[in-house]
Amino acid sequence: MRPDFVWDETEFIATLNVLPEVGEYETSHHFEVIRPGQKLLLTIWQLDGDVRIDLYQDGIGSPIFHVALKECAGARVIKYTKGDSQGEFIEFAPAKTFGSRYDGQQTIPYGIRLRVDPHIQIELF
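Going by the numbering used here, the sequence shown opens with residue 653, and the numbers climb by one from there.
Treat each hint with caution, since some may be false.
[As the list claims (entries may be wrong)] In the BS3-like style, the derived pairs of lysine-lysine whose C-alpha atoms are separated by at most 30 Å in a straight line are:
id: 1; residue 1: Lys691; residue 2: Lys722
id: 2; residue 1: Lys691; residue 2: Lys734
id: 3; residue 1: Lys691; residue 2: Lys731
Because the hints were derived from the structure by calculation, they are not lab data.
Could you build the full structure based on these sequences and the hints that come with them?
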(Lines of atoms letter the chains of each structure in order from A; the text may use other names.)
(Lines give C-alpha, C1' and ligand atoms only; values in the text may rest on other atoms or scores of the structure.)
Protein backbone atom coordinates (compact mmCIF):
# COMPACT_ATOMS: atom_id res chain seq x y z
CA MET A 653 0.00 0.00 0.00
CA ARG A 654 1.27 3.46 -0.93
CA PRO A 655 1.89 5.84 2.01
CA ASP A 656 -0.28 8.90 2.58
CA PHE A 657 0.62 12.38 1.36
CA VAL A 658 3.24 13.96 3.66
CA TRP A 659 2.38 17.54 4.61
CA ASP A 660 1.82 19.93 7.50
CA GLU A 661 -1.74 21.26 7.30
CA THR A 662 -0.98 24.04 9.81
CA GLU A 663 1.89 25.36 7.68
CA PHE A 664 -0.34 25.33 4.57
CA ILE A 665 -2.98 27.38 6.41
CA ALA A 666 -0.35 29.89 7.57
CA THR A 667 1.24 30.17 4.11
CA LEU A 668 -2.01 30.41 2.14
CA ASN A 669 -3.64 32.54 4.86
CA VAL A 670 -6.99 30.76 4.47
CA LEU A 671 -8.77 27.94 6.25
CA PRO A 672 -9.56 24.95 4.06
CA GLU A 673 -12.96 23.45 3.46
CA VAL A 674 -12.49 19.93 4.78
CA GLY A 675 -14.24 17.11 2.94
CA GLU A 676 -16.39 14.42 4.46
CA TYR A 677 -14.41 12.08 6.75
CA GLU A 678 -11.47 14.51 6.39
CA THR A 679 -10.38 12.88 3.13
CA SER A 680 -9.76 16.17 1.31
CA HIS A 681 -8.79 19.78 1.96
CA HIS A 682 -9.93 22.51 -0.43
CA PHE A 683 -8.18 25.90 -0.22
CA GLU A 684 -9.45 28.98 -2.07
CA VAL A 685 -7.07 31.95 -2.28
CA ILE A 686 -8.31 35.24 -3.75
CA ARG A 687 -6.00 37.99 -5.00
CA PRO A 688 -6.86 41.01 -7.18
CA GLY A 689 -7.90 39.58 -10.56
CA GLN A 690 -7.00 35.99 -9.60
CA LYS A 691 -8.37 32.98 -7.77
CA LEU A 692 -6.38 29.89 -6.79
CA LEU A 693 -8.15 26.61 -6.02
CA LEU A 694 -5.94 24.01 -4.35
CA THR A 695 -7.37 20.62 -3.41
CA ILE A 696 -5.46 17.91 -1.60
CA TRP A 697 -6.77 14.35 -1.23
CA GLN A 698 -4.18 13.37 1.37
CA LEU A 699 -5.10 9.67 1.62
CA ASP A 700 -4.56 9.16 -2.12
CA GLY A 701 -1.75 11.69 -2.47
CA ASP A 702 -3.66 13.49 -5.23
CA VAL A 703 -3.34 17.26 -5.65
CA ARG A 704 -5.19 19.60 -8.00
CA ILE A 705 -4.11 23.19 -8.65
CA ASP A 706 -6.30 25.56 -10.69
CA LEU A 707 -5.54 29.23 -11.29
CA TYR A 708 -8.30 31.48 -12.61
CA GLN A 709 -8.06 34.97 -14.08
CA ASP A 710 -11.04 37.32 -13.71
CA GLY A 711 -13.24 37.27 -16.81
CA ILE A 712 -12.03 33.86 -18.00
CA GLY A 713 -14.30 30.91 -17.18
CA SER A 714 -11.79 28.08 -17.41
CA PRO A 715 -8.50 27.88 -15.50
CA ILE A 716 -5.51 29.62 -17.08
CA PHE A 717 -3.35 27.00 -15.33
CA HIS A 718 -4.39 23.49 -14.30
CA VAL A 719 -2.37 20.57 -13.02
CA ALA A 720 -3.36 17.32 -11.33
CA LEU A 721 -0.66 15.42 -9.48
CA LYS A 722 -1.57 11.76 -8.96
CA GLU A 723 -0.01 9.92 -6.03
CA CYS A 724 2.13 12.91 -5.06
CA ALA A 725 4.52 11.91 -2.26
CA GLY A 726 4.11 15.14 -0.34
CA ALA A 727 4.73 18.85 -0.04
CA ARG A 728 6.61 21.19 2.23
CA VAL A 729 6.51 24.88 3.07
CA ILE A 730 9.76 26.75 2.42
CA LYS A 731 10.52 30.02 4.21
CA TYR A 732 13.60 31.86 3.02
CA THR A 733 15.52 35.09 3.48
CA LYS A 734 18.16 35.96 0.92
CA GLY A 735 19.57 39.46 1.05
CA ASP A 736 16.62 41.85 0.98
CA SER A 737 14.37 39.18 -0.49
CA GLN A 738 12.04 37.23 1.77
CA GLY A 739 9.36 34.80 0.85
CA GLU A 740 7.43 31.69 1.48
CA PHE A 741 6.19 29.03 -0.89
CA ILE A 742 4.93 25.47 -1.03
CA GLU A 743 6.87 22.82 -2.96
CA PHE A 744 4.97 19.81 -4.26
CA ALA A 745 6.89 16.66 -5.09
CA PRO A 746 5.85 14.95 -8.32
CA ALA A 747 4.49 11.43 -8.27
CA LYS A 748 6.93 8.57 -7.81
CA THR A 749 10.00 10.85 -7.67
CA PHE A 750 11.30 9.28 -4.50
CA GLY A 751 12.31 5.64 -4.16
CA SER A 752 11.14 5.51 -0.55
CA ARG A 753 8.69 7.29 1.71
CA TYR A 754 9.03 11.07 1.56
CA ASP A 755 9.77 12.48 5.02
CA GLY A 756 8.83 16.13 4.42
CA GLN A 757 12.40 17.29 5.10
CA GLN A 758 14.59 16.25 2.20
CA THR A 759 15.16 18.52 -0.79
CA ILE A 760 12.68 18.03 -3.61
CA PRO A 761 14.71 17.79 -6.86
CA TYR A 762 11.88 18.91 -9.16
CA GLY A 763 8.20 19.62 -8.87
CA ILE A 764 5.87 22.61 -8.47
CA ARG A 765 6.32 25.72 -6.32
CA LEU A 766 3.27 27.75 -5.30
CA ARG A 767 3.43 31.30 -3.90
CA VAL A 768 0.44 33.44 -2.93
CA ASP A 769 2.09 36.65 -1.66
CA PRO A 770 2.27 39.31 -2.91
CA HIS A 771 0.45 37.66 -5.84
CA ILE A 772 -0.26 34.10 -6.95
CA GLN A 773 2.68 32.52 -8.76
CA ILE A 774 3.09 28.91 -9.92
CA GLU A 775 6.55 27.72 -10.94
CA LEU A 776 7.63 24.40 -12.41
CA PHE A 777 11.17 23.53 -11.29
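Quick rundown of the hints versus the structure:
Note on Lys691 and Lys722: the hinted pairing holds, with a Cα-Cα distance of about 22 Å set against a maximum of 30 Å. Annotation: proposed proximity of Lys691 to Lys734 holds, straight-line Cα distance about 28 Å (limit 30 Å). Annotation: proposed proximity of Lys691 to Lys731 holds, straight-line Cα distance about 23 Å (limit 30 Å).
Hint violations for this structure: none, all hints satisfied.
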